[in-house]
Amino acid sequence: MNEDAPTARFPGYDVLAKWDSPSFDGITRNTLAARLDAVPPRRWLTQDEWDLLDAINARLLPQPDRAQPIPITPWIDAMLHDDRGEGYRHPDMPPLRAAWRQGLAAVDDEARRLHDRPFVRLDADAQDAVLHALEGGRAVSPGWQGLDAQRFFIHHLLKTAAGFYYAHPLAWNEIGFGGPANPRGYVRLGFDSRDPWEAKEAR
Amino acid sequence: MIAPRTGGGRAPDVYERGGWVTMREYDDDDAVDFVVVGAGAGGATLACKLAEAGFSVVVLEAGPFWRPLEDFASDEEAQQQLYWLEERLSGGTDALALGGNNSGWGVGGSTVHFSMISLRFRPEWFRSRSQLGYGFDWPITYDDLAPYYDEAERALAVSGPVRYPWGPPRRRYPYREHEMNAAGLVLARGAEKMGIEWSAVPLATVSAPRGKSPPCVYRGFCNFGCATNAKQSALIVWIPRALAAGAEVRDLAMAGRIELGADGRAAGVHYRRNDAWRFQRARNVVVAGYAIETPRLLLNSACGRFPQGLANGSGLVGTHLTTHAGPGVWARFDEAIRWYKGPPNMAVCEHWNYTDAGKDFHGGYAFMSQGPLPRAWAQLLVTERHLWGMALRREMADYNHMAGLVAVAETEPRACNRVELADVRDRHGLPVAHVTFEYSANDRRMQDHARRFMGEMLAAAGGKDTWTSDDTSHILGTCRMGSDRETSVVDADGRSWDVDNLWICDGSLFPTAGGVNPSLTIQALACRMGARIQALAARGEL
Amino acid sequence: MNAAAPAHARPAARALGAAALGLALGALLLQRRRPAPPPLAPDRTAHRLYQAAALLAASVLSDSALEHYRGGFENPGMFAPLASAAVVLGCALRAQPASAPYATACAVGTAGLGFHAYNVLRRPGGLSWANLFYAAPLGAPAALTLAGVLGLAARPVAAGAPTLAGLPSGRALCSLAAFGLTGTSAEAALLHFRGAFQHPAMWLPVTVPPAAAVLLAGAALPGRPGPRRLTDALLKACTWLGALGMVFHARGIARQMGGWRNWSQNLLAGPPLPAPPSFSALALAGRAALALRTAQERP
Numbered sequence: 000m001n002e003d004a005p006t007a008r009f010p011g012y013d014v015l016a017k018w019d020s021p022s023f024d025g026i027t028r029n030t031l032a033a034r035l036d037a038v039p040p041r042r043w044l045t046q047d048e049w050d051l052l053d054a055i056n057a058r059l060l061p062q063p064d065r066a067q068p069i070p071i072t073p074w075i076d077a078m079l080h081d082d083r084g085e086g087y088r089h090p091d092m093p094p095l096r097a098a099w100r101q102g103l104a105a106v107d108d109e110a111r112r113l114h115d116r117p118f119v120r121l122d123a124d125a126q127d128a129v130l131h132a133l134e135g136g137r138a139v140s141p142g143w144q145g146l147d148a149q150r151f152f153i154h155h156l157l158k159t160a161a162g163f164y165y166a167h168p169l170a171w172n173e174i175g176f177g178g179p180a181n182p183r184g185y186v187r188l189g190f191d192s193r194d195p196w197e198a199k200e201a202r
Numbered sequence: 000m001i002a003p004r005t006g007g008g009r010a011p012d013v014y015e016r017g018g019w020v021t022m023r024e025y026d027d028d029d030a031v032d033f034v035v036v037g038a039g040a041g042g043a044t045l046a047c048k049l050a051e052a053g054f055s056v057v058v059l060e061a062g063p064f065w066r067p068l069e070d071f072a073s074d075e076e077a078q079q080q081l082y083w084l085e086e087r088l089s090g091g092t093d094a095l096a097l098g099g100n101n102s103g104w105g106v107g108g109s110t111v112h113f114s115m116i117s118l119r120f121r122p123e124w125f126r127s128r129s130q131l132g133y134g135f136d137w138p139i140t141y142d143d144l145a146p147y148y149d150e151a152e153r154a155l156a157v158s159g160p161v162r163y164p165w166g167p168p169r170r171r172y173p174y175r176e177h178e179m180n181a182a183g184l185v186l187a188r189g190a191e192k193m194g195i196e197w198s199a200v201p202l203a204t205v206s207a208p209r210g211k212s213p214p215c216v217y218r219g220f221c222n223f224g225c226a227t228n229a230k231q232s233a234l235i236v237w238i239p240r241a242l243a244a245g246a247e248v249r250d251l252a253m254a255g256r257i258e259l260g261a262d263g264r265a266a267g268v269h270y271r272r273n274d275a276w277r278f279q280r281a282r283n284v285v286v287a288g289y290a291i292e293t294p295r296l297l298l299n300s301a302c303g304r305f306p307q308g309l310a311n312g313s314g315l316v317g318t319h320l321t322t323h324a325g326p327g328v329w330a331r332f333d334e335a336i337r338w339y340k341g342p343p344n345m346a347v348c349e350h351w352n353y354t355d356a357g358k359d360f361h362g363g364y365a366f367m368s369q370g371p372l373p374r375a376w377a378q379l380l381v382t383e384r385h386l387w388g389m390a391l392r393r394e395m396a397d398y399n400h401m402a403g404l405v406a407v408a409e410t411e412p413r414a415c416n417r418v419e420l421a422d423v424r425d426r427h428g429l430p431v432a433h434v435t436f437e438y439s440a441n442d443r444r445m446q447d448h449a450r451r452f453m454g455e456m457l458a459a460a461g462g463k464d465t466w467t468s469d470d471t472s473h474i475l476g477t478c479r480m481g482s483d484r485e486t487s488v489v490d491a492d493g494r495s496w497d498v499d500n501l502w503i504c505d506g507s508l509f510p511t512a513g514g515v516n517p518s519l520t521i522q523a524l525a526c527r528m529g530a531r532i533q534a535l536a537a538r539g540e541l
Numbered sequence: 000m001n002a003a004a005p006a007h008a009r010p011a012a013r014a015l016g017a018a019a020l021g022l023a024l025g026a027l028l029l030q031r032r033r034p035a036p037p038p039l040a041p042d043r044t045a046h047r048l049y050q051a052a053a054l055l056a057a058s059v060l061s062d063s064a065l066e067h068y069r070g071g072f073e074n075p076g077m078f079a080p081l082a083s084a085a086v087v088l089g090c091a092l093r094a095q096p097a098s099a100p101y102a103t104a105c106a107v108g109t110a111g112l113g114f115h116a117y118n119v120l121r122r123p124g125g126l127s128w129a130n131l132f133y134a135a136p137l138g139a140p141a142a143l144t145l146a147g148v149l150g151l152a153a154r155p156v157a158a159g160a161p162t163l164a165g166l167p168s169g170r171a172l173c174s175l176a177a178f179g180l181t182g183t184s185a186e187a188a189l190l191h192f193r194g195a196f197q198h199p200a201m202w203l204p205v206t207v208p209p210a211a212a213v214l215l216a217g218a219a220l221p222g223r224p225g226p227r228r229l230t231d232a233l234l235k236a237c238t239w240l241g242a243l244g245m246v247f248h249a250r251g252i253a254r255q256m257g258g259w260r261n262w263s264q265n266l267l268a269g270p271p272l273p274a275p276p277s278f279s280a281l282a283l284a285g286r287a288a289l290a291l292r293t294a295q296e297r298p
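Residue numbers (numbering that gives the first Met the number 0), protein chains in the order written: chain A, 0 to 202; chain B, 0 to 541; chain C, 0 to 298.
Think of the hints as simulated: they come from the structure by calculation, not from any bench. Each residue gets a CB set at the ideal place from its N, CA and C atoms; glycine is no exception. One or more of the hints may lead you astray.
[Said to hold, decoys possible] DEER-style ranges, computed between Cβ atoms: (1) A:Arg41 <-> B:Asp425: 23 to 33 Å; (2) A:Arg28 <-> B:Asp425: 32 to 42 Å; (3) B:Arg171 <-> C:Leu120: 17 to 27 Å.
Chain A with its partners taken away, still in its complex shape (with noise of 0.2 Å):
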């Protein structure tokens, strides 16, 4: 498995380097200060979740080249503790807090299952095989009664983690996203067109 993180398609291009010029505004710098200053702590998972979750998100998004990674297992605990979903559930999936308790245990039973030891304890190969074994739909724990196993771990564990980390301005840096844009926006719309604003990619 290739583990080496992508090569810096736009190195040197920060989207805070905006944070005074017109591409932000004050709400905005109001939600992105909230969101690299203070984040959360653990008020809904267990230690013992929180510690799952931090494992399941560093394979689900592995960081090796960033010292100080996005931060996603707080958001996650965030998000349950206020219980706020997405605005829908299949009807054979239980509410969300209760989906996320018990998908955890299942994830940690499956593990158990497979290697003996406890997700936490695997080696990164080891753990991603017990996720490829979710993806696939090849559960075998019982703890996933009443919970599909392959959803909970598309819609509920890959879908939120992803969704957090595209949600953090090093990943927007990454992608050479442009950003936070009010007032202002862009100018140079067409193909291969830059406003000095954007991130310039490495050729």
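With chain A's structure known, arrange chains B and C on it following the hints.
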């Protein structure tokens, strides 16, 4: 957003930071002419028309009264606040994604987060059954609605091409089309290579100043709230007019139940605001909560006379739910596209809406260029391609070189697709909606056709490593209009067959979905309903 | 203005642009090596023509600088109108009669027309309203050519030449100014149409200058020069329109989202500040032409 903003004789002025406009207020115990439940494309428009016609109007909106200039951060995550995130169940073989996919929350409803695509129905679709051999006929024709399409387009100052290639001859759009972004030029390039017509999308966001609205700055956060007021949402177009004409808007007011009087007419609406249940008396009730909340409210208003749900003598309330299937095709390009710039859907091809030969399915689809922001794109990648780990990060690093086409494909109205009540209750104690949906064979054939055609166009445009995705947009049809009480919930005026002072005014009205986004048709229907109600009132038939 | 050509066409266009730039610079350099001609005797008409050329060149310089900056100077030829307009501005301000700078401007402007037409036609949609609105403006290079022609005409006029291009000089200049006013008005009409004529004042540059142009064209015909006072008054109005237009455009920029604070977007995306003064320039030339025409008619 914890406390309501309207009250004390005033409502927020959406055009001025911290500003207020005066708002007339009505007592709960005074029977107003109209209570409108829902302040979206249907409710806000009709409330405006009714108030301007001199009726007393109270609008109840479950969500907040947004201040676009101040409340809307340039941030996908924070702006999830625009969506209906209260619990709903959604199942069936092809379970619909709800929430941010199609359900707005707040004054302006889904027009606060919509993509501003303002297209008219093909005229023949109003006679889908008799002229095209599928679906159902509408109880009105295109010609009945055309003057109101005109009115809605003018009210929204739709910015469109000087010549729109499809549909009957029409007057020029009020404002000119926007400059096309690269994502849209991909569709244009591919279409020209294939010899197929394409067009700029007529958009409800201004390309030049309009009153206090500056022209669009192409910031690309349209689906997360327009912070400049270039987007002509119901919040900034119809609501200010409604307020100026004497309507009252009550935000954070969740309607729970419509009360039926002993005389068999609606007496008013029970609603929850400021942690207390209240009851607004009304001479007429308009339900405009869109295709899930409208049938839900009617079903939750079941009573002795209507055990199956208020105004549900036909048994059709909640049934014949349609959506627009949204098969997508995506590809990578050598050129930088940077699709985050500008409105998300700038170019359109309606070829298969107006061509009947060469199709192995009934109905039509349009398709448009795309411009998803990072969080939305990442979530699409993971749910559709199951990418994770470094593979996900590598794929996302191509973000600036991606382009795509997604269809708005008409699904068939069938009784099995429906909204019912679940055993689950929300925080107000109300049973939530249980949505069930599955595609028909026709729906699937249409999507296959769309995938093939769009794939061909993307490749013709120079796209590489094409792949496909599935999705839906819009929800329609659950309280459809019709010509007789056996086969519809309301008549051509949106008036309930069973309760003659109960009206529906939103996407639930659509007997068929058509192959275009519904917002312009909903607003046109609302304008027509306003005119019809005025006419009926003048004749004493209200 | 954005670029949408297939990748293979652009290197050829860039090579052509580089060549055009090279030729333009070469011509200007060559001219510098010629001995300066003797200064001309003062002459009001010629003086006015130089002023008009200078004002037009200033407008072209600022406008093309902004627009070509927006286009990223992706084709090296995009520097040519800046260089040429700057030189015309400098020469015309000093009423310098040497023809090379003005002739070069004519050539660069003409080449620019070709490049701009290519820019429009190569995009999806080709010659479409959208491309006329947002691709390279067809009329803008013509302003540089006009500046060049005005500069070229000034010298023989200063020397008292009775004819220009086969016509009595007054009539010739009236035709030129009428043509220029019409073209500039057409450009404003296109862009104000794009702006949906959302402000009533946007009708001014598409009504007053064409009216002036019609009368001026009438004055270019043989026989009596027509209603001189009225024509002159309309031309004076055009002069003021140039300034008024700039004020309106500045207000327009302020009215965009973020106003002047968002200058890095709004100077490019908002109404073009340097465009309206071209009406003043042509009105100036037109009034001088009208005066000369009237003088030539009086025996």
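Here is what the structure says about each hint:
no. : hint                              : verdict
1   : A:Arg41 <-> B:Asp425: 23 to 33 Å  : holds, 28 Å
2   : A:Arg28 <-> B:Asp425: 32 to 42 Å  : holds, 34 Å
3   : B:Arg171 <-> C:Leu120: 17 to 27 Å : holds, 24 Å
In this structure, every one of the numbered hints holds.
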